[in-house]
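J.: Single-letter residue listing:
There are 2 protein chains.
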Amino acid sequence: MAQDDCGLSESLEDYLEVILALEKANKVARAKDIADKMGVLRGSVSGALKTLSEKGLVNYAPYSFITLTPGGMKVAREVTRRHRVIRDFLERALQLSPERAEANACRMEHAMDKPSVDRLARFIDYINRCPRTGPDWINAFVNYYQADGPDARRCEQCLRQCQSEFPDRLAALSGRSDDDAGEGG
Amino acid sequence: MAQDDCGLSESLEDYLEVILALEKANKVARAKDIADKMGVLRGSVSGALKTLSEKGLVNYAPYSFITLTPGGMKVAREVTRRHRVIRDFLERALQLSPERAEANACRMEHAMDKPSVDRLARFIDYINRCPRTGPDWINAFVNYYQADGPDARRCEQCLRQCQSEFPDRLAALSGRSDDDAGEGG
DNA sequence: GTCGAAAGTTATGTACTCCAAACAAAATTT
DNA sequence: AAATTTTGTTTGGAGTACATAACTTTCGAC
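Line by line, the protein sequences give chains A and B.
Quick note: the first sequence uses my numbering, first residue 1, plus one each step.
Quick note: the second sequence uses my numbering, first residue 1001, plus one each step.
In case anyone wonders, no lab produced these hints; they're calculated from the structure.
Some clues are possibly wrong.
Taking lysine-lysine pairs in the DSS-like style, the calculated list, with each CA pair at most 30 Å apart, reads [as the list claims (entries may be wrong)]:
hint	chain 1	residue 1	chain 2	residue 2
1	A	Lys27	A	Lys55
2	A	Lys114	B	Lys1037
3	A	Lys37	B	Lys1114
4	B	Lys1050	A	Lys114
Going by beta-carbon spacing under 8 Å, a handful of chain B positions derived as facing chain A [unchecked claim]:
hint	residue
5	Tyr1063
6	Phe1065
7	Leu1096
8	Tyr1145
9	Ala1152
10	Ser1164
11	Leu1170
Every residue, glycine too, gets a C-beta built ideally from N, C-alpha and C.
Could you build the full structure based on these sequences and the hints that come with them?
T.: Structure representation (structure tokens):
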């Protein structure tokens, strides 16, 4: 949909994603499991498998097991990764509930192209690894969105705490885990 | 699509968004302008307008001007806001090109529900207003995603700079623009 | 007012996705 | 091995969205 996958519809992307998950769990995918997992009837699955088979993305013959072709595997992995990156952002950075994060990721995965998702993944990395932010900064976000704006007193305390950790954080960047930076007060 | 708008399709959301933009620019929307702006033929617009009219979202009679009803205006504003928030995030935080940000926002606006977009808007606020981050932190992201990981030397310099600005930043939180916090040094 | 271009509308057809239910094959049970 | 259940397939119909093309209305030029 997003200029990747050579014009695969959202629906077909979903089928590939589900087939990959079932392959990982059960070695092969069965039409009924696909239908159950996607909330559609078995009849709908048959049609989708026929289409995916014509596109060379699944190995499929009537009444046989279903597996992904190498090409289908590639697409399925891409879609699954998009899903995972987006859900992580929604759940960890935006701190949405797991259910809401999942529901939104399911739709957003078809709306974001690969460069955007790649950049988002880097952004999450950046937040986690930059000494100015990190997990504690993310956790403090809850104080912000629950209030009308920043709380000066809380911010002051947060800044002091963060500042005291700067040497450690900087040291951690280089791979050193101990606090041997020698600059902390 | 995303449980808002009482089950309005992506396409119809797009129509409302475009009609709102044309209303703002030209007082009223005309079918041809809608068609041009959306890249569809005039015939397709007639059908959509009929549907939107039945749903009570546009004032529409054949061969007449087109305006949004109060209900349609509400939905159109919501969709437009979703679009703007998402595009801002993609363009300013992720630092995607304006074109890519716009293209992705066009699709993502239909995939994200209101609570998620609201949270995203707060997140952007948080980045901009938190003394630990702010615009300079966003700008430093480019150094991160262009490299394989963090650059310890650059990080050290960034931390020092940031630290020196803490008093000012804290003061700015309370609305004071001068550095009279008296704690820096 | 009449003519003609521009704008709008109404079929008709295609593509996609899904459901519903009838039907066929496979696997289990006995 | 026959009957039953489960699983898979096929067919027909619905809803959405759009293109194409023929037709109608509107509006400005004359």
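J.: Let me know if the C-beta of Ala1152 (chain B) comes in closer than 8 Å to any C-beta of chain A, holds or violated.
T.: 5 Å, holds
J.: Does Leu1096 (chain B) hold up as a contact with chain A if the rule is Cβ-Cβ below 8 Å?
T.: Because about 6 Å separates Leu1096 (chain B) from the closest Cβ in chain A, which is inside the 8 Å limit, the hint holds.
J.: Quick one, are Lys37 (chain A) and Lys1114 (chain B) close enough, alpha carbons at most 30 Å?
T.: 26 Å, holds
J.: Holds or violated: Lys114 (chain A) and Lys1037 (chain B), Cα atoms, limit 30 Å.
T.: OK: Lys114 (chain A) and Lys1037 (chain B) at ~26 Å, within 30 Å.
J.: Let's test the interface hint: is any C-beta of chain A closer than 8 Å to that of Tyr1145 (chain B)?
T.: Since chain A brings a Cβ to about 4 Å from Tyr1145 (chain B), closer than 8 Å, the hint holds.
J.: Holds or violated: Lys1050 (chain B) with Lys114 (chain A), Cα cutoff 30 Å?
T.: 37 Å, violated
J.: Quick one, are Lys27 (chain A) and Lys55 (chain A) close enough, alpha carbons at most 30 Å?
T.: Holds, at about 22 Å.
J.: Please verify that hint: Tyr1063 (chain B), Cβ, nearest Cβ of chain A, below 8 Å or not.
T.: 36 Å, violated
J.: Next item in the hint list is Leu1170 (chain B). Is there a CB on chain A closer than 8 Å to its CB?
T.: 6 Å, holds
J.: Double-check Phe1065 (chain B) for me: the hint is only fine if its C-beta lies closer than 8 Å to a C-beta in chain A.
T.: At about 33 Å, which exceeds the 8 Å cut-off, the nearest Cβ of chain A leaves the hint on Phe1065 (chain B) violated.
J.: Would you settle whether the hint for Ser1164 (chain B) is holds or violated, based on the nearest Cβ-Cβ distance to chain A being less than 8 Å?
T.: 11 Å, violated
Violated hints, listed in ascending order, are 4, 5, 6, 10; each of the other numbered hints is respected by the structure.
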